[in-house]
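Participant: As you go down the protein sequences, you meet chains A and B in turn. The first sequence: position 84 = 94 (the numbering used here), numbered continuously. The second sequence: position 5 = 6 (the numbering used here), numbered continuously.
To be clear, the hints were calculated from the coordinates, so they are not data collected in a lab. Since the structure is predicted, the reported quantities are computational estimates derived from the model, not experimental observations. Accuracy of the hints is not assured; some may be wrong.
As the list claims (entries may be wrong) - Mimicking BS3-like on lysine-lysine, the simulated pairs with C-alpha atoms at most 25 Å apart in a straight line are: (1) B:20 <-> A:32; (2) B:14 <-> B:33; (3) B:292 <-> B:306; (4) A:32 <-> B:292; (5) B:107 <-> B:33; (6) B:107 <-> B:273; (7) B:273 <-> B:33; (8) B:105 <-> B:306; (9) B:157 <-> A:32.
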Amino acid sequence: MSDTQWPLWEVFVQANPGIPHKHVGNVHAADAEMAIQNARDVYTRRSEGISIWVVPAAAISASSPEDQGAFFEPSNDKPYRHPTFYKIPEGVKYL
Amino acid sequence: MEDSKKIEEFEAKIAAGQKIEPKDWMPEAYRKQLIRMMSQHAHSEIVGMLPEGNWITRAPSLRRKAILLAKVQDEAGHGLYLYSATETLGIDRTELLSQLHTGKAKYSSIFNYPTLTWADIGAIGWLVDGAAIMNQTALARGSYGPYSRAMVRICKEESFHNRQGYEIMMHLAQGTPEQKEMAQDALNRWWWPAIMMLGPSDDQSPNSEQLMRWKVKMESNDAIRQRFIDRTVPQAEFIGLTIPDKDLKFDAATGHYTHGPINWEEFFEVIKGNGPCNAKRLKARTDADKKGRWVREAAVAYAAKREKEKLIA
Chain A
11 MSDTQWPLWE VFVQANPGIP HKHVGNVHAA DAEMAIQNAR DVYTRRSEGI SIWVVPAAAI
71 SASSPEDQGA FFEPSNDKPY RHPTFYKIPE GVKYL
Chain B
2 MEDSKKIEEF EAKIAAGQKI EPKDWMPEAY RKQLIRMMSQ HAHSEIVGML PEGNWITRAP
62 SLRRKAILLA KVQDEAGHGL YLYSATETLG IDRTELLSQL HTGKAKYSSI FNYPTLTWAD
122 IGAIGWLVDG AAIMNQTALA RGSYGPYSRA MVRICKEESF HNRQGYEIMM HLAQGTPEQK
182 EMAQDALNRW WWPAIMMLGP SDDQSPNSEQ LMRWKVKMES NDAIRQRFID RTVPQAEFIG
242 LTIPDKDLKF DAATGHYTHG PINWEEFFEV IKGNGPCNAK RLKARTDADK KGRWVREAAV
302 AYAAKREKEK LIA
């Protein structure tokens, strides 16, 4: 058996109730349970979190930075999706 | 040959203060230099646990022992953030560790000095972590996203290390004459190595203009060293300890301290592997790696077994 540093897991921490989990880094671990324990010891030594998610790094698919321009382009030419696009006369309330 | 248009875009991004992320295009020289710097930094955090770990069982009180344990655990955490950040550049941790164990990769010269008395633990937190903070706050502004984010996190935690070290020195300096002497002796032995750990002087290490432009290096070694001296000398005076440099004086015209000559010969000898503890440190690391191997393998076998049981059930 070749030496192993264990598979890589991406770590997401929720800092407080009611807000999203945020990516904080990664850890090596043999399984999910160990990944959660290692993540606690590495990323929440100073009460930085109340909940941890770990995801096998190999399971994450990501958009490609090279295609960033073309990939997100469809939303750039639709300013009418923003409320500020519409001119409403002063004096009209609650709109 | 690398696409000059890509380099142009890469440099424009950095000039505009944007971060470079792992999957972004980057020049090979940038990737190589970062792997070298970041892995050296990671190794320093891990090897740095050894001189301090030496005093955990002999800390003078339960309070000091709990603090030292927490500090050494932080260093392990810093090593892990940095190995992770280095891995984003496409090199794996097994390879990084093998570079440390074979001596191909370096770690900070400072950890090759011994911790002879309890006061050395104070001197390390105050001076070694103090010097590291000067360097790391500069690196936190660097261009590589994962490194910069690791630095921000590390700097926050180092501030506790720095203060607990100063507190140890302060208590000793205000204690019995023997305790004060112990603090002064630790300062005498750690001052120059701490000054040197910030790297060779600028004329011996011409900062590549390119590394500065790429925001891999943010400030010259001498500039960081000067800031460290300017901030640390008054801290020593405040607790009645004397910096072991007879040429040290404050220059009112510049607002900076000038210092005596640095023994660079000693620095380069330690880097080459001839410091007081080089062999001991490396042996402790390779032994830990060898002795830990069965644990890594057993954990993988156990995880596989549980996975199989889950499938059957």
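Participant: All hints, please: hold or fail.
Facilitator: Results for each hint:
{"no.": "1", "hint": "B:20 <-> A:32", "verdict": "19 Å, holds"}
{"no.": "2", "hint": "B:14 <-> B:33", "verdict": "19 Å, holds"}
{"no.": "3", "hint": "B:292 <-> B:306", "verdict": "23 Å, holds"}
{"no.": "4", "hint": "A:32 <-> B:292", "verdict": "36 Å, violated"}
{"no.": "5", "hint": "B:107 <-> B:33", "verdict": "15 Å, holds"}
{"no.": "6", "hint": "B:107 <-> B:273", "verdict": "9 Å, holds"}
{"no.": "7", "hint": "B:273 <-> B:33", "verdict": "21 Å, holds"}
{"no.": "8", "hint": "B:105 <-> B:306", "verdict": "37 Å, violated"}
{"no.": "9", "hint": "B:157 <-> A:32", "verdict": "19 Å, holds"}
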